[in-house]
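Novice: If you want the building blocks of each chain, they are given just below.
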Amino acid sequence: MELEQNQAELRKLGLGVAAISYDSAAILRDFAARKGIHYPLLSDPDSKIIRAAGILNETVPASTPYFGIPYPGTFVLDAKGAIIAKYFEDDYKERYTSAAILVRQFGESPAASRSEVAGKQLSLVASASNSVAHPGQRVALVLDVEMKPGTHVYAPGVEGYIPIEWSIKNSAAALAHEVISPKPEILYLQAIDEKVPVLEQHFQLKRDVTFGADDKLKADLDSSGNVTVEGTLRYQACDDRICYIPQELALKWTFHYEGFDRERSPAEIMHRLK
Amino acid sequence: MRRLFPALSALLLLPSSVLLSRDYGPAIGSKLPDFEASDQDGTRHTLRSLLGPKGAIIVFFRSADW
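Line by line, the protein sequences give chains Y and W.
In terms of my numbering, the first sequence opens at residue 1 and continues consecutively.
In terms of my numbering, the second sequence opens at residue 1 and continues consecutively.
Do not take every clue at face value.
Keeping only pairs whose Cα atoms sit at most 20 angstroms apart, straight-line, the calculated SDA-like set for lysine to any residue is [to be verified]:
id: 1; chain 1: W; residue 1: Lys54; chain 2: Y; residue 2: Lys35
id: 2; chain 1: Y; residue 1: Lys80; chain 2: W; residue 2: Glu36
id: 3; chain 1: Y; residue 1: Lys35; chain 2: Y; residue 2: Lys48
Just so you have them, the derived chain Y footprint on chain W, three or more residues with Cβ under 8 angstroms [what the hints assert, rightly or not]:
id: 4; stretch: 25-31
id: 5; stretch: 47-59
Hints are computed from structural coordinates only; laboratory data are not their basis.
C-beta: ideal position from N, C-alpha, C; glycine also.
So here's chain Y without its partners, still in its complex pose:
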């Protein structure tokens, strides 16, 4: 399970880790043993905790074995137990990975799917929070950009100049979300008496990508059986004297495809009609 891979990293950051569901302790014990889970899976069979947290899914009919489930998501708590962030799905088909949360919440530099790209006036490292593409998972992509000393690029959305622009080729296999960019520096251009928002030195651009349904991922695999996400970075760098020719760099992230887990608990403990 994805959280199992990242729980050591989370603990190193001083964070406790636990997951809660409406499953019986027996189901959770079986699941933990099968999957090699080493953090607490708390049993909330009457959905008391789920209800108290205000996330009981009330659209599920009470007569089905599915009644009692929560809207799935993650709470990030501080040392006193106050909620500092919540990661819940925009849509039931989408789930944040814990690695993506590590990137977004704690500014971790991801380690997966790394590639280095050298352009004119800048170099960058492209990486992802996860190396695996699983249907419905939402992962974080990061561009760590290093500008040549003395140069800057124009912040996204700027007018009158060519802003730095990161586009992703959308497909049914992967849908990109909006770019998160850092607060720009305001540069005063004395010669023309203008203030312009710029990014310079070292900065990070982040955006999430949500993988599509299993059949869409399978239809899009490359010859090695991997899922690839392609994009481009367009920019124009300037220094205090001149502006250089606009550039466009090709970007690519490669993920190992992993399909569904359809395995159920043993018959005697699985959820049944009430």
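Let chain Y serve as the given structure and place chain W on it in line with the hints.
Specialist: For chain W alone, kept in the frame of chain Y given last:
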């Protein structure tokens, strides 16, 4: 984590605007109600016992069974 079986998808045909504007759980800055529960090994935990020096990540998931 598991995926809902197709049979369940009919229950969730809400307009996407309802899902997108929904805010889940207590407000940021407030606390989750205290709780006590057993884990897969029978060990009892409270919300307080789960907190590390920098806090905690609490994941609510649908089911380990289906």
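Novice: Take the hints in turn and mark each one as holding or not.
Specialist: We went through each hint and held it up to the structure:
{"no.": "1", "hint": "Lys54/W x Lys35/Y", "result": "27 angstroms, violated"}
{"no.": "2", "hint": "Lys80/Y x Glu36/W", "result": "17 angstroms, holds"}
{"no.": "3", "hint": "Lys35/Y x Lys48/Y", "result": "26 angstroms, violated"}
{"no.": "4", "hint": "25-31", "result": "holds (count 7)"}
{"no.": "5", "hint": "47-59", "result": "holds (count 12)"}
In the structure shown, a violation is registered for the earlier hints numbered 1, 3, in ascending order.
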